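Fit chain B to the given chain A structure using the hints.
Protein chains: 2
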Amino acid sequence: MGAIEFHFEDFEPGRVFTLASAEVTAEAIIAFAAEFDPQPMHLSEEAGKASILGGLSASGWHTASLFMRMMYDGWLARSSSEGSPGIEFMEWKKPVLAGDTLSGRSTVIEARALRSKPGIGLVKFLHEVENQHGTVVMRGENPIMMRLRTPSNVMAEVQA
Amino acid sequence: MGAIEFHFEDFEPGRVFTLASAEVTAEAIIAFAAEFDPQPMHLSEEAGKASILGGLSASGWHTASLFMRMMYDGWLARSSSEGSPGIEFMEWKKPVLAGDTLSGRSTVIEARALRSKPGIGLVKFLHEVENQHGTVVMRGENPIMMRLRTPSNVMAEVQA
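Chains as they are written, first to last, in the numbering used here: chain A, 1 to 160; chain B, 1 to 160.
Any given hint could turn out to be false.
It does not matter which identical chain is used: a pair holds within one copy or between any two.
[Said to hold, decoys possible] Calculated cross-link-like contacts (lysine-lysine; reagent style PhoX-like; alpha-carbon spacing at most 25 Å):
| id | residue 1 | residue 2 |
| --- | --- | --- |
| 1 | K94 | K124 |
| 2 | K94 | K117 |
| 3 | K94 | K49 |
| 4 | K124 | K93 |
| 5 | K93 | K49 |
| 6 | K117 | K49 |
| 7 | K117 | K93 |
Please keep in mind that the hints were generated in silico from the structure rather than gathered at the bench.
Fair warning: this is a prediction, and the values are worked out from it, not measured in the lab.
Bound conformation, chain A alone (with noise of 0.2 Å):
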């Protein structure tokens, strides 16, 4: 990772980053499925027309891992992430067909110094993808945990 540029104290709640855009081929959605998710929809055109899908869809699990990429390339590479200790909720709104090309932003909801690891804070964010035609076909909402620029003046607050 390169420089960072975010720090915790970066995050106010509703200040928006872009992520990255990413293509979404035949090849990688059948690669994907191949290794993790071989249900026929995710397999092959004929089997994804034949499902209520309508078409080759990626598996929601491979749309969540375009996500994490997207993030990584849109703004967490930038960032002190600490990592996130899991996921508050995560819809498959709309089916992600091949040929589609994501985008789509990540919003602070909530952010908090924590108690329990001095010098970090726990970032809650509002993540939502969309496709060339700007329909949402993921939103979820999850918290990363971001160092602190300046831990000594936020830990003060927090304990005052």
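Just chain B now, with coordinates in the frame of chain A:
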């Protein structure tokens, strides 16, 4: 997918379905991370040891994708699954390290036929993935849509 053994009616609350086991190799951790989550602790043993994770550790999205395959091989391939609308929550509780062997289970929490989709029911599962020491590394809940074996009978019950 082969013969369908489990329909909606078979997912009684409390019933436990066993996940297939999976070995997590350093090569697989690095390959997944290089594509989807290139944070240093997922790319080298050295950076992993220097992180709070304590070693070369799988991306949480890799663990989630491995879980999907463990579920598919364990029982989902033999079910009437029509896919899932999302994840209710997912917790990454402990690091998944190179050399770990994962196993686990899906436990039915609740099941209800859907008025909006005749012939389909929604089954909510608690999924738990643990390592070779019996430590739970990931847990979460998600609902999966299942076709009914006998749509008319169950719908009659629902609408009664």
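Structure-based check of all given hints:
1. K94 - K124: both (24 Å within a copy, 20 Å between copies)
2. K94 - K117: between (38 Å within a copy, 16 Å between copies)
3. K94 - K49: within (15 Å within a copy, 39 Å between copies)
4. K124 - K93: both (21 Å within a copy, 17 Å between copies)
5. K93 - K49: within (18 Å within a copy, 38 Å between copies)
6. K117 - K49: between (50 Å within a copy, 19 Å between copies)
7. K117 - K93: between (35 Å within a copy, 16 Å between copies)
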